[in-house]
Amino acid sequence: MTLVKSQLKTFLGGIHPAEDGKILTLGKQMTAIPLPRTVYLVMSQHIGAPAKPVVKKGDFVKKGQMIGDAQGFISAHVHASVSGKVVDVVPWPHPVTGIKCPAVVIENSGEDVWMEDMNVAADTDNLSPEEIRHSIQSAGIVGLGGATFPTHVKLTPPKDRSIDTMVLNGAECEPFLTCDYRLMLDKPHEIIEGLKLIMRCIGCKKAHIGIEENKRDVYNLFKDTVAKDPNIKVDLMEVKYPQGAEHQLIKALLNREFKPTQLPLEVGVVVVNVGTAFAVYEAVKFSRPLIERIVTVTGNGVKDPQNFLVRVGTPVRQLLEAAKLTPDVNKIIFGGPMMGIAQGNIDTAVTIKGTGGILALRETQQWESRACIRCGRCVDSCPYGLNPSELSIVCEAKEFDLALDNNVMECKECGCCSYVCPAKRPIVHLIKFAKSEIAKRKAKG
Amino acid sequence: MELVLGATITLVILGMIFGVGLAIASDKFAVKVDPRIDSINEILPGANCGACGQPGCSGFAQAVVEGKALVTGCTVGQNEVAELTASIMGVKFEGRERAVAVVMCHARGIKNKFVYHGVKDCRAAHIVGGGFFGCDYGCLGLGTCVEACKFEAMYMGKDNLPRVIEERCTACGKCAAVCPRKLISIVPTSKMVHVRCKSLDKGAVAKKICQDSCIACKQCEKICPYDAIHVQNNLAVIDYPKCTSCGKCVEVCPNHTIINFARERSLAKHTLTV
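Sequences listed follow chains C and V, in order.
Just so it is clear: in the first sequence, position 112 is 1384 by this note's numbering, and no numbers are missing.
Just so it is clear: in the second sequence, position 238 is 1646 by this note's numbering, and no numbers are missing.
Quick caveat, the hints were computed from the structure, so don't treat them as lab data.
Here the structure is a predicted model, which is why all the values come from computation and not from measurement.
Built from N, CA and C at the ideal position, the CB exists for glycine as well.
Incorrect hints may have been included.
[As the list claims (entries may be wrong)] Some but not every residue of chain C turned toward chain V, in silico, with C-beta under 10 angstroms:
{"#": "1", "residue": "1367"}
{"#": "2", "residue": "1572"}
{"#": "3", "residue": "1702"}
{"#": "4", "residue": "1712"}
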C-alpha cells in the first residue's frame, strides 16, 4: 500500500493482484475462429425468465433468426448464431448454474446467411427513443459485463425517475480478461456511437467513461474520439478490483453512493459496459442481433492465449483447442478468476452472451480451509463495507437469520474477501449458500 | 440499636405496602392464560425440533389451543402425545399410523462429474454447477440430513448414502426439508415398497449413469394389480394410498430400483433400511 494517496479516481476497499495475467492477451488482436460445426444455444442467457424455444427439430434457421422468444418483460430473445438445421431441442446443462435448461442445437450448414432485413445499414439520426429501445429489445441485448441483465429493461427507467448521467464501463477490472480492452482499441467510434444511442434512448445529456490506468492507450484513444463532444468525459481510474462494479464505478467517477441492494437508478445513473454499447450500435445501426462477442481465452492451461471473436453457443472445447489447450489443464473457469464460474464438464460447456473470458488453469493450488483468525483483512477489502468474517462464521453455522442481520443480501460476491483470507475460508461460497437458502425460504413464504 | 430498629420497621412497612400493591396488581392486570396451553406443553417431548411448523413446543401448544394446529401435529410424540393432547382438548383421537423417513436414492459406484472443494454441505454443493455428483438427481452424500436430524436417527453409510435408524425416527421431516434434491420422503411404516430413485433422465441416459436407476420400462406399471404405480416423467412413482406392498413390482424391476423393506423390518432388531 502506498502512503501517498493516489490522485486517480477510485473507491474504498478492493484489492489488486500483483500479477493480473492481462499481459498474456494484451497484445492479441481480435481473431475470428472457424465457425463451429454445431452451436448449443441455451434459452437462459440472461437474468430473468428463460426464453421459450420457437423452433423445432428439423427446422432450417438463418443467422440472426429468433429461436427463443422472451417470456415476460425481464427476459431477452435468443437468436440463431449460425445458419443451418435445428438438430434438436434438448435439456442442456447451463454453463453458469449447471442446471439443465432447454437448448436449441443448430448444425451449421456453412452458408452463414443472414436473415432477410438484417445486416443492412440504417439511418440512426432520426430514430425516436422508443425505436431505439425496440431495436435493442428485438436484438436480445443483455449486459455483456457478465451479469447479463436485459439491456432494454435497464433503459426503461420508471417514470418518476430521471437519469441525468450515463456511465460507460471500460474498467475491465477482472484479472486476466482483455476482451473489453481489445474491443475499445479496435472499435472506439462504434462504442461512442452506441453510447450516444443509449443516451438518446433514456434522454440523458451527460456521460462519463471510466477506464483503468493500466489501459492508458485506450484512454488517449477515447479522449481523441470524444474531443469534440463536451458532454462526454473520459476518466482515468486507479487499477483496482472491483473498479468495474456499478457501485464502485459510480462512487469513483461521480462520487455518488447508494445502498448495495439498490440500483444505480436511485442516484440517476445508468451504467453500461463497452461491449453492450458496441452491441447496441450493431443492433440499431445494422439490425444485427447479439450473436457474436469477444471472448478472452487465457490462463496457463493454454499455450496460445487469444482474444477470439466467437459466436454465441460455441462449444468451449473448440475455443480451447484453437488456443492450444495443454493436456494437464485441471480447471476451466467461465469469466475471470474473481467472479468466474468453474465448469464441471469441458464437453458440455458452451459460451453464452455473458461469457467474456475462459480461463484454463493447471496445477491449481488447493488449500484447506481453517477457522477464522479474525485478522480483519476481509473487512478492509470489502468494497461494500460488510463484515465478511462474521458472515462466513454465521453462514457456516447455518444461522441464516443472523446472516440476514449482518446484511448478507448486500454482498455482490465480488470475491475480494476470499482472495485476501489467510485462513483460506470459502467466504463467497458460504455467502452464496446462505443467500440461496434465504431465497428458498422466502419462496416458501 | 435504634438505627437498626428504625430501618427494620421502615423495610417491613415498605414491604407490606409493596406486597399489597403487587397483590392488587396481579389480580387486576392478570393475563388470562388458557390452562390447557401449559398442560399440553408439559406432555410434549420438549425437543423444540420445529417439525410441527411452530416455533418450538410451547408455540405448538398455543397453536393447538388456538385451533391453528391439529392435535396430531406433533409427529415426534407419536400416538401417545397425540392421545393426551386430544383428551386435553376434548376431542376424539382415532390413532395414527407411525411413519419413518425413507431415502429415495440407491446410487452405488457413480463417478463424480468434477472435483468439489467447497463447503461441506449438500445444499452448498448443489448450487455449484448443479452438484458434483454424477447423477443430477441422486444423493450428494455430504450428510446434511444426518446433521439436521435432532434424534440421532440417521448416519452416513460407508457407501456415502444416509441410513435411517427406523426405531429412532420420529418422522419429524427435518431431513426431508434440508435435502436439496428432495430425496427423503416420510412414509407410513405399513408401506414397505419404495422406488429408490428420483432420476428424471430418459432410461438410456439414466442407466448409463447409474446401475440402480429407474429406466422407466413400465414393467411395474403393467404388473401392479392395484393400479398403484405409474411412470411419470421417466420415473416410476408409487401412489401410496393405493399400494398394498404386495411386492409384485419388486420382482419384475430389472434394475432392482424398487425395493421391499418387509424382510428387513421383520428380521432386524434395529430396523435399518438397507
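Here is how each hint holds up against the structure:
The interface hint given for residue 1367 of chain C is met, as the beta carbon of that residue sits about 9 angstroms from the closest beta carbon of chain V, less than 10 angstroms. With a cut of 10 angstroms, the hint placing residue 1572 of chain C at the interface with chain V is violated, because the nearest CB-to-CB distance is about 18 angstroms. A distance limit of 10 angstroms between C-beta atoms decides the matter here; for residue 1702 of chain C the minimum to chain V is near 6 angstroms, and the interface restraint holds. At a threshold of 10 angstroms, the smallest CB-CB gap from residue 1712 of chain C to chain V is about 9 angstroms, leaving the interface hint in force.
In this structure, the one hint that does not hold is number 2.
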